[in-house]
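Visitor: So you can see what is in the structure, the chains are spelled out below.
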Amino acid sequence: MARRIVKEPADRLLRDDLKLVGWVQKPDDRRRNYFEWCDEVIARLAAVSGNEGPEDTAIVRAIVPVLQSDDSFTDHIFQKKGATWLRDKDNWDRVREIAAGQVLYEYLVAKEKAQWP
Amino acid sequence: MAVDRQIKIVTSDDLDAELRAIVNDAAEYGERAEQAARDAGKTIRRFEDKPGDVDETVAQLRHALEDEIQIAQPIEGDAIIDVGEQDREIAKRALVHIKLSTLRQIAKGLDIPHSGNLDAVTDRIARKLKADRAEIARLVLQYETEPPPERRFTSRVFQLWESPGDLDALASRIDYVLNRYIRIGIARWFVLENVQRSASSLVLSGIFRFFKADADQSDDDLTLRAEEGSASAQLRVRGNEPIAEVQAKGERESKAIMAAFEGTSECRRREALKIGTESMRGHLAGWDAWSVFLVDLLGARFRSPNIEILNLTHAGFRTDDGGSEEANRPTIKAVRLEGRHLLDSRAACELLTRGQSLAELGMTVRYRLAPSQDVSLPLTVKLSKDHATILTGFGITEPSNALKCHAEVVAGVSSSLRHGLADEVSLSNLAREIANRASSDEAPSKATIFAPPDDDGSE
Chain A
107 MARRIVKEPA DRLLRDDLKL VGWVQKPDDR RRNYFEWCDE VIARLAAVSG
157 NEGPEDTAIV RAIVPVLQSD DSFTDHIFQK KGATWLRDKD NWDRVREIAA
207 GQVLYEYLVA KEKAQWP
Chain B
27 MAVDRQIKIV TSDDLDAELR AIVNDAAEYG ERAEQAARDA GKTIRRFEDK
77 PGDVDETVAQ LRHALEDEIQ IAQPIEGDAI IDVGEQDREI AKRALVHIKL
127 STLRQIAKGL DIPHSGNLDA VTDRIARKLK ADRAEIARLV LQYETEPPPE
177 RRFTSRVFQL WESPGDLDAL ASRIDYVLNR YIRIGIARWF VLENVQRSAS
227 SLVLSGIFRF FKADADQSDD DLTLRAEEGS ASAQLRVRGN EPIAEVQAKG
277 ERESKAIMAA FEGTSECRRR EALKIGTESM RGHLAGWDAW SVFLVDLLGA
327 RFRSPNIEIL NLTHAGFRTD DGGSEEANRP TIKAVRLEGR HLLDSRAACE
377 LLTRGQSLAE LGMTVRYRLA PSQDVSLPLT VKLSKDHATI LTGFGITEPS
427 NALKCHAEVV AGVSSSLRHG LADEVSLSNL AREIANRASS DEAPSKATIF
477 APPDDDGSE
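Line order of the protein sequences matches chains A and B.
Sequential numbering of the first sequence, starting at 107, is according to our numbering.
Sequential numbering of the second sequence, starting at 27, is according to our numbering.
What the hints contain is simulated information worked out from the structure, not anything from laboratory work.
For each residue, glycine too, the CB sits at the ideal point set by N, CA and C.
Just to be clear, a hint being listed does not mean it is correct.
Interface residues of chain B toward chain A, partial, derived using beta-carbon atoms under 10 Å [to be verified]: (1) L45; (2) I48; (3) I70; (4) A469.
Model the full assembly from the supplied sequences, consistent with the hints where possible.
Guide: See below:
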């Protein structure tokens, strides 16, 4: 069973509130794009650290800039929470990290079930 | 890039170049993901000025990798270490004075992840507070459970065989040797400096002086190396009480002033504490005398109406291995429990009911200075063979406020050492609850035996 990435109960609540599981799981080209990045960045971080399996924290951090530039993600959050909530920078940081954690989890599950690549 | 995979050392320049490339490539993947969503028929708003730039993202990624690789940073002028990193590490070093379980609570309060080891949790707190020295210092003073000697009051209470009686006569005897020193051990002296007489007590003060000495060899010369040390101490006795209260940082100077006092008076300390708990019955029948003494003090809140126990943070038990002298038999001489509300834990209740000796209790107390003014203070009470020790930290209040609480706890401990138990009925009820907890199969979800008081809104 794939390891849990989003561990804090409060983060899991926010993840559910924002329906991030469904957003990540939707099998489309966007999801394929995220999973391809996971393949690539895990290999690159392994080369940097010398560890075959880089720490989850580092992989999550490397997925965050993908979400940063993907306005389909930002639009999803905007629809759920509105402009006022997104005015707080801490909310952006937190939600991107939670979403990146969920992307990694779904990627690991897909690998485990031989659904990816 | 110049990465040595064997020892995982990489220069910060090479690492940042690679991480910057990763972040830029990630941004391209993000744009592609967005386009894929558009191609699938999604209508997507454009968002300008989204927070998060490349530098910040690279810094966060570098931080995430710090546990996996050694990053060799360039020397930063005279300071050598990067000032930001140095400030953060200093803040973390100070936070280490707080127990990890408490640090996790602090992290929760700051709305940041609280999982991981000590390094990870202190790092997150230091970063969240931007290594602000005043803010970090406030946390340390507020939450440290065992402050160092310079941030606490320390008293030791010794039992005497008899009350000193006539304090005027005692003052005269001490006055006779005032401003003189007496030898109390090998290379150890006590200098009697002052004696003060009040209506009900007599206070003796002085300096403990000592030398550490050892042989020293340099080239062909043999010599002795001597290192001098000194520490002050103060001792208070009352005419009709067989008790001596010593205020000093360390045990050595405390015992030194006791030796000087015994040498100049007819008073003698008891070699072993005499605790009036011999006739315990019911649930207390199997308890060790020290456990009875400390749990009674705790239940009676040190005989003070101004003290409430907020949280029991550590407990030390001396264990009894049956007195076996077999050299090969494994033995445990002490057990230390740490946590929150720990006398409510089944482990602690089992040790108490099995007759193990509770020798130390650490806690956070709330002390009422005035009807609407409370302060939280770390407090530890320990029992040793011939004395009880009370340590009261300053917390984040004025030391003079902590001293008031300290004096009341010392008075409560002294009173119990003179008169016996403070509240036998409450103690008996506590013992019953502790016995039930010890035999319960379920771990408690909240503290009920030594439950923290309801918050009444003050401070």
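Visitor: So which of those numbered hints doesn't the model satisfy?
Guide: Of the numbered hints given earlier, the structure breaks just one, which is hint 4.
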